[in-house]
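*Asks:* Please build the complex by placing chain B with the ligands on the supplied structure of chain A, with the hints as guidance.
Residues per chain, in single letters:
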Amino acid sequence: MGKLLRVLNREQCIGCYSCMFACSRVWYQAITVEKAALRVKNYAGIEGAFSIRPCYGCSDPDCARACPTQALTPRPGGGVLFDETKCTHCEACTQACVPDALQWDHEKNVPIVCRQCGVCVKFCPNGVIGMQEIAPAAR
Amino acid sequence: MPTFRLLDIDLTTGTTRVSDVSDRFEKYLGGTGVATSLLLETPAGLDPLAPEAPVIFAIGPFSAVFPVVTKTVALFKSPLTGNLGESHAGGRLAMAMYGAGFHVIRLTGRAAFPCYVTVDEDRVEVHRAHSLWGSSALAAERILRDHEPSSFKRSIVRIGPAGERCSPIAAATVDSSRHFGRLGLGGVMGSKNLKALVVSGGRYWPVTEKGKYNAFYQKIYEAVVNSPAMKKYHDLGTAMNVMPLSRINGLPTRNFSQGFFEGAADISGETFAEKHLTQHLACGHCQTGCIHMATLRERFDPEEHQYKTFKISYDHELVYAFGSNLSIQNPEEVLRLLLQVEKEGWDAMSIGVTLAWAVDAFQAGHLTAKETDGLVLNFGDAATYDKMLHRIKAGHNGFYRDLEKGAVFCAKKYGGQECAIAFGGNEAPGYMTGLFAYLGYATGVRHSHLDSAGYSIDQKVLNEPKPDEELVQGLYKESVWRMALNSLVICLFARNIYTKEAVLEGLAALGLTGWDEARLNATARRIHAMKLRYKERCGFRFDDLALPGKLARVISGNGQVTSERFARQVAAYRDLAAKDAGELPAEYR
Ligand code: SF4
Ligand code: SF4
Ligand code: SF4
Numbered sequence: 000m001g002k003l004l005r006v007l008n009r010e011q012c013i014g015c016y017s018c019m020f021a022c023s024r025v026w027y028q029a030i031t032v033e034k035a036a037l038r039v040k041n042y043a044g045i046e047g048a049f050s051i052r053p054c055y056g057c058s059d060p061d062c063a064r065a066c067p068t069q070a071l072t073p074r075p076g077g078g079v080l081f082d083e084t085k086c087t088h089c090e091a092c093t094q095a096c097v098p099d100a101l102q103w104d105h106e107k108n109v110p111i112v113c114r115q116c117g118v119c120v121k122f123c124p125n126g127v128i129g130m131q132e133i134a135p136a137a138r
Numbered sequence: 000m001p002t003f004r005l006l007d008i009d010l011t012t013g014t015t016r017v018s019d020v021s022d023r024f025e026k027y028l029g030g031t032g033v034a035t036s037l038l039l040e041t042p043a044g045l046d047p048l049a050p051e052a053p054v055i056f057a058i059g060p061f062s063a064v065f066p067v068v069t070k071t072v073a074l075f076k077s078p079l080t081g082n083l084g085e086s087h088a089g090g091r092l093a094m095a096m097y098g099a100g101f102h103v104i105r106l107t108g109r110a111a112f113p114c115y116v117t118v119d120e121d122r123v124e125v126h127r128a129h130s131l132w133g134s135s136a137l138a139a140e141r142i143l144r145d146h147e148p149s150s151f152k153r154s155i156v157r158i159g160p161a162g163e164r165c166s167p168i169a170a171a172t173v174d175s176s177r178h179f180g181r182l183g184l185g186g187v188m189g190s191k192n193l194k195a196l197v198v199s200g201g202r203y204w205p206v207t208e209k210g211k212y213n214a215f216y217q218k219i220y221e222a223v224v225n226s227p228a229m230k231k232y233h234d235l236g237t238a239m240n241v242m243p244l245s246r247i248n249g250l251p252t253r254n255f256s257q258g259f260f261e262g263a264a265d266i267s268g269e270t271f272a273e274k275h276l277t278q279h280l281a282c283g284h285c286q287t288g289c290i291h292m293a294t295l296r297e298r299f300d301p302e303e304h305q306y307k308t309f310k311i312s313y314d315h316e317l318v319y320a321f322g323s324n325l326s327i328q329n330p331e332e333v334l335r336l337l338l339q340v341e342k343e344g345w346d347a348m349s350i351g352v353t354l355a356w357a358v359d360a361f362q363a364g365h366l367t368a369k370e371t372d373g374l375v376l377n378f379g380d381a382a383t384y385d386k387m388l389h390r391i392k393a394g395h396n397g398f399y400r401d402l403e404k405g406a407v408f409c410a411k412k413y414g415g416q417e418c419a420i421a422f423g424g425n426e427a428p429g430y431m432t433g434l435f436a437y438l439g440y441a442t443g444v445r446h447s448h449l450d451s452a453g454y455s456i457d458q459k460v461l462n463e464p465k466p467d468e469e470l471v472q473g474l475y476k477e478s479v480w481r482m483a484l485n486s487l488v489i490c491l492f493a494r495n496i497y498t499k500e501a502v503l504e505g506l507a508a509l510g511l512t513g514w515d516e517a518r519l520n521a522t523a524r525r526i527h528a529m530k531l532r533y534k535e536r537c538g539f540r541f542d543d544l545a546l547p548g549k550l551a552r553v554i555s556g557n558g559q560v561t562s563e564r565f566a567r568q569v570a571a572y573r574d575l576a577a578k579d580a581g582e583l584p585a586e587y588r
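Taken in order, these protein sequences are the chains called A and B. Those letters in the first sequence? Residues 0 to 138, per numbering that gives the first Met the number 0, in order. Those letters in the second sequence? Residues 0 to 588, per numbering that gives the first Met the number 0, in order.
Derived by calculation from the structure, the hints in this document are not laboratory data. Any given hint could turn out to be false.
As the list claims (entries may be wrong) - From chain B, some residues computed to sit far from chain A (all C-beta separations above 12 Å): (1) 66; (2) 112; (3) 130; (4) 257; (5) 379; (6) 455.
Claimed, not checked - Some chain B residues judged to face chain A by a derived CB distance under 8 Å, without partners named: (7) 209; (8) 220; (9) 270; (10) 278; (11) 281; (12) 514.
Each residue gets a CB set at the ideal place from its N, CA and C atoms; glycine is no exception.
Okay, chain B solo, but in the shape it has when bound:
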């Protein structure tokens, strides 16, 4: 039976502690389940940027062990929403944590100086790093990869300057273009004076159930490489959604004014592939390789033939946030803006949606040239967005400094609240397919499209209408099942490969006994209830969730969505969740 260890790092004192947390893995599987149990043990009412607020990175029993189980979960208190901060990232981090021999790494405290931390198996060090402070998220990785050699594969998590400024929409970037994007992990790391975390190690589990393990591995490998299950992700990637979504009026355009983007064909997955895709990359131990890297070659000297070339990854969410939703249809302009976002280390969706709010707010008169210091904000104006990003970076004035606090904060301060397209405080992802996309963002524990995939329900009911009451049950069921997937921290792109049966077979192949479907389901319900408990403790109430005013006026992929209809189904979801509150372990009641 494998054992699971937790590494605690206190940045205030520089001390570390290792403990065996196998019992928690037995109870909560791993990943998000285990991390939630740890987060629930922090005192209520903590300031998200206080030294005592923990950052918890966790992986699960399948991590690095089976194909496409590549994600690491980060849990923290979100400085953006004030409640559950949860973000998932790929790259090599899960593999490196497994190699280091820690399934959970928890950082608390605040270093007295800018620092980075190295974890090379049991050698854990906090290094002074004044020289790194201020470096872009891309430069920091280059430097650390040189400066911290290891005989083992390393993973580097770091923040850009946005994180250093404690922006609540700052991301933490992992290896090549993977991100803990959502809900402000970057800002929390910045508050700890923590620029980066470098993880490596050569520890491993032996194959104990040789026949079972190899048979299961082979089956998953075949499904990943030779079945249609992952084709979409390694072919055009999620950017393949751009055209079909626009066709059904589901692609957010000009700050969710409409779902049809007249320029969709120019920023589609097909166009990016033809014009800019240079290669695919993979996370550690994923044979799919869904990371789409674009190259942009630019002449930088008008007099001479001098060129520069940069590489940047793209996917549907990025193309939505800096393409259709800002009405930019030139892919080169999209890529240029994304490079800035990547270097500075913002969450692309959050900063993109905040810029889109600013345009609406400017046009409605809530913002004037006084705030923007002379810039006139229009949709489609990439040159102005470029200037805005530079001004945010430079802290040009109070308004620009506010922009990196997110759309909800800005709307409260400057007006135009109905145009702040956020759910539960988190800027919305790139689907306006209808009620269930919105419900998913609102009710999801991390206010992400990945919580329950409501957008896919919307697309199904286009052909096969069903009553809301029935569909909301499906939404709830999916969000609960994803607790199990996220505790094993399987990449959700492989959710159709890792069915319940497959998960049980995988657990048995590792010698983790005693799991059956009923226990798996109960564990998922318990974890979901624990997350809601944490959120409630931080002040979250389902009844406070509201549909952004603008969305009640515009036409989604499934027609108009009224605030009343939205509220009714939020209440239905709340009641479904309340029924499962009994699953909450006594110690967390």
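Isolated chain A, as found in the complex:
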């Protein structure tokens, strides 16, 4: 059983984006938030309200179902694997992911897939996100 990324304490988020910087840095060697496979959203006029959108590691992923070329396929343990050579850059996957967790790489025109690695968790100063053991039936 693998661990999956979860939002544990949404209300503790301070909006520092440290998690997003960590994901981009580690997986893309990029100093930015824009390559991160999760998103911390803020809202117009609601000061300090954040919504964190990590990949939930679905066992029957909507994103993979939406993909017309099977560039995205279910990953054992939850979530998806991505084969860039098959991607037609149609963005059907990001539209299919209801929580808008699946991010789009505007530079390379491909989805940014979460590896469920837990690096972002290590750089969250406030215990907002965590890796949790999730039974397959609950994914």
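*Replies:* Relative to chain A, chain B with the ligands alone:
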């Protein structure tokens, strides 16, 4: 090696230009150093509100790249002091400028209509915005965040109505409760018909020195999150100073009449935390989260159970300006006044100190009910301050319109000059710890407590007295070193984490080679000399600096400070600076 670009926006013509300014970053590091070099190239004698007067936003090579390097520097000619206008703000602006691919954005000209500007990487547009003119600084942000979607994280800098009226004490507000507060950037933006600037983009630097970069990042992250270095800022925040300062007679109370506030416990960091703190917020890429948000829930219908709730940030400076210095000890009253200030877009310290001057001037007979149109001004009277703010907002009469021009202007016009607590024309921050706090405000290039932290010298000498001559050298040294920090635009709360050694390690981790301690120090001295050169060109003279008369009478945290002693150390500082004038690049002599 990273490159650095400057975006020029001419609001008169709506044209833009991009240039590579990497050479300036090589010479002056970035941030305040680079922006000062650009400001020095403007013609002498410009009216601060003239279309040709530039507003320069700048970040540095560490911005968005390392933790807690979150500030953006704004440089302009100050309509308040007539010389160097410099203010720093956090939020997401530094991150957004980095993402847009511009380390410097310079705005000049005046739009023919109220406008806002969007910078989304290379797409730069000037938008008509009559409908936004008149909106509060808070509403403008809500509206623009809806109206200007972007796939990237955005930052929104905007002014409130005070800025539209070109008030020289108007602030520009950034994202959630961050401000370019001091010295009147809001008024300068207003003079350009510029309501707001929205910045976004997805550009980034690749990690080139992977081992060095990650090791340095990890070290800084640990220091920020797990060491005591930042504890104060994320725990109670700077409002934790309220009680200790009052205890040592260093908390300005009733327009600097004394340093002990009998109501300190009621407006302390501890009390705010217990009663009103609802959450902490952070600037982009800062794991500290020092922004303390208070919530105030109020019943607004006496007949029915109808409530409203608002959120407002607080910190030491705000609590001083609208708490102790006006003798308000009810935190709810402080928060209510701060909300008005936030919406209207004034600098809280400047408007607060100006109100405090008005009370003194009223009680001394310089102001009468004729000017105040019937209001009786007393310390501690929050309801009257509330009315005053509303009257300033409405332009009630000449006197109220004058109040938003600052304490020095008002004192010159109405009298009570010795009660205008300002240094170099800028209303004083919230420390009356002694000579070095005052010297710091006076000699600092931006007349801010953050120029050289003189207040901390005062607190140290309480236990360990030293001769003034020795201490003034420390003050000078600190103000020079901060030129380097402000060129990298590191949040000064992290100044003990970003030591000289750390700065050098960080530069190397980005592949910026050729920096050593000597070069760093020389660059800092050069930038300091350039700022003084700009100030002198605008008419600033150290010898004109004076201790506000009232401060020579009252007792500070370190006893009485005489005008003579103050003048002697200003002269000593002037001489130290003169020794470094040789650092001034030939083109600016
Ligand atoms: S990207 Fe969205 S749809 Fe796909 S596995 Fe993750 S949460 Fe499920
Ligand atoms: S778990 Fe790993 S891949 Fe997924 S968002 Fe966090 S850092 Fe990125
Ligand atoms: S690192 Fe944690 S606190 Fe910071 S934005 Fe991410 S989830 Fe929020």
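*Asks:* Tell me if the interface restraint on residue 278 of chain B is satisfied: Cβ within less than 8 Å of some Cβ in chain A.
*Replies:* Residue 278 of chain B check passes; min Cβ-Cβ to chain A is 5 Å, inside 8 Å.
*Asks:* Compute the least Cβ-Cβ separation between residue 257 of chain B and chain A, then decide whether it is above 12 Å.
*Replies:* 36 Å, holds
*Asks:* Please check whether the beta-carbon of residue 112 of chain B is more than 12 Å away from every beta-carbon in chain A.
*Replies:* 24 Å, holds
*Asks:* Would the stated hint for residue 220 of chain B survive a check requiring a Cβ distance to chain A of less than 8 Å?
*Replies:* Result: holds, 7 Å to nearest chain A Cβ.
*Asks:* Measuring from the C-beta of residue 281 of chain B to each C-beta in chain A, is the shortest one below 8 Å?
*Replies:* This hint holds: residue 281 of chain B lies near chain A, its Cβ roughly 4 Å from the closest one there, short of 8 Å.
*Asks:* Close enough to count: is the Cβ of residue 514 of chain B nearer than 8 Å to one in chain A?
*Replies:* It is violated, given that the least Cβ distance between residue 514 of chain B and chain A is near 19 Å, above 8 Å.
*Asks:* If I take the minimum Cβ distance from residue 130 of chain B to any residue of chain A, is it greater than 12 Å?
*Replies:* Non-interface label stands for residue 130 of chain B: nearest chain A Cβ at 16 Å, farther than 12 Å.
*Asks:* According to the definition I'm using, a residue is off the interface if its beta carbon is farther than 12 Å from all beta carbons of the partner; does residue 66 of chain B meet that for chain A?
*Replies:* 7 Å, violated
*Asks:* Far enough from chain A: is every CB of that chain over 12 Å from the CB of residue 379 of chain B?
*Replies:* Per Cβ check, residue 379 of chain B is outside 12 Å of chain A; nearest 30 Å; holds.
*Asks:* Measuring from the C-beta of residue 209 of chain B to each C-beta in chain A, is the shortest one below 8 Å?
*Replies:* 6 Å, holds
*Asks:* According to the definition I'm using, a residue is off the interface if its beta carbon is farther than 12 Å from all beta carbons of the partner; does residue 455 of chain B meet that for chain A?
*Replies:* The claim holds: residue 455 of chain B sits with its nearest Cβ about 26 Å from chain A, beyond 12 Å.
*Asks:* Verify the interface restraint on residue 270 of chain B: the C-beta must sit less than 8 Å from at least one C-beta of chain A.
*Replies:* Hint violated; residue 270 of chain B Cβ to chain A Cβ min 21 Å, cut 8 Å.
Violated hints, in rising order: 1, 9 and 12; the structure is consistent with all others.
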